[in-house]
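Asks: Numbering (our numbering), first residue to last: 534 to 881.
No wet-lab data here; the hints were simulated from the structure.
Heads up, a few of these hints could be off.
Once the Cα atoms are required to be at most 20 Å apart in a straight line, the calculated DMTMM-like pairs of lysine to aspartate or glutamate come out as [said to hold, decoys possible]:
no.	residue 1	residue 2
1	K847	D713
2	K611	E866
3	K834	E720
4	K776	E764
5	K695	D665
6	K693	E805
Restraint ranges, calculated between C-beta atoms of paired labels, are given here [as the list claims (entries may be wrong)]:
no.	residue 1	residue 2	range
7	D660	M684	20 to 28 Å
8	S862	N725	18 to 26 Å
9	N778	E866	49 to 57 Å
10	E691	N750	27 to 35 Å
11	E748	E610	14 to 22 Å
12	N724	V791	32 to 40 Å
13	S757	E622	48 to 56 Å
14	E841	S746	21 to 29 Å
15	N618	Q683	17 to 25 Å
16	V853	A830	47 to 55 Å
17	T630	K600	22 to 30 Å
18	K792	M684	44 to 52 Å
Every residue gets a Cβ at the ideal spot worked out from N, C-alpha and C, and that includes glycine.
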Amino acid sequence: MDENTNTEKKEEINNIEKKTVPKSNESFSIKKKHLVVIGIVLLIAVVGVVIGMSFSSKNEVTGAFGKNGIAAEVNNEKITMEYLNTEYEKIPVQQRTFVSRMQLLNQTIINTLLLQEAKKSKIEVSDQDVQDLIDSIQLPEGQTLESIAQMQGFSVQELKNKIKEQLKIQKLLNQTLATDVTDSEIEEYFNNNTDAFKQKLSVNASHILVNNSKEANDIYKQLSKGANFEELAKEKSIDPGTKDNGGNLGVFPKGAMVKEFEDAAFVLKPGEMSKPIKTAYGFHIIKVLERFEEEPANLEKSKEQIKEIIKKDKLGDQAVNYIMKLYDSANIEIYIKEETETNPSPVE
């Protein structure tokens, strides 16, 4: 494979990644820019796994072909047509424009290769690791892990198993690929992206969200008399993303929230509470816990963050080459019959 072919293949992979992971609709928790990371394809992207790689063919599978019901074999491990078709049916209809069955087969082959390597390396992922990742994801309004798994065609346990597989792959890539970052690389990145590391005016705030003004005013009166904000948030708030955490929204800068909420939050001092305010989501009572003033970009404070960004970029580039090598050295048989290609190969 020459250098031009390799470059073209990487560009193709990057394009497939962009097509395969469309942005979700804006979600709840009143944040204007909040990407909900849900679904198997999106969860894979979250943990940094290269997805959607399409080495074998540009043509979509046209029927239920295969060898005795087998779509492919990867080092003697079988991928059945039944599995391939079942997994394809789980892809939301609106995303099937971006993912063909052949792309899904290739992704399955690559995941299988990586999981085989993870097993050889004795890489383990605990149930707690899976739960920690799930807990870090903010779900859309009114949705639970169960409802989201169902939308994707999975049971909750199947979804957790998929996440566990991808975490194993991430551990493998982190352990196998060199991602050392030099001070000069960090400094160069900082100089080229200074604005991104300026500390914007921001606050750490909590809120209680209810449906009507009467309930909001009743809660405000209780709080004014000394009731515990966190306890009332857990009891009364209708925001499923924050109520269990005492209503805490975390730290957010100006521009992250809807205007009415932001206008009220940013005039409060730490420890102060707003009167009920109305937004499109309902009626809120806001309490500011901390306030962070604007500060210029600081290289020392930003070093670790920049290091992780660069490491992730390097990991992505190296993962493509690593997977190509695994593919080239593996014993892979593809039995899918296509219209124009009868003997697909990993590299065109």
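Asks: For each hint given before, does the structure comply? Return the numbers of the non-compliant ones in rising order.
Replies: 6, 8, 10, 11, 14, 16 and 18
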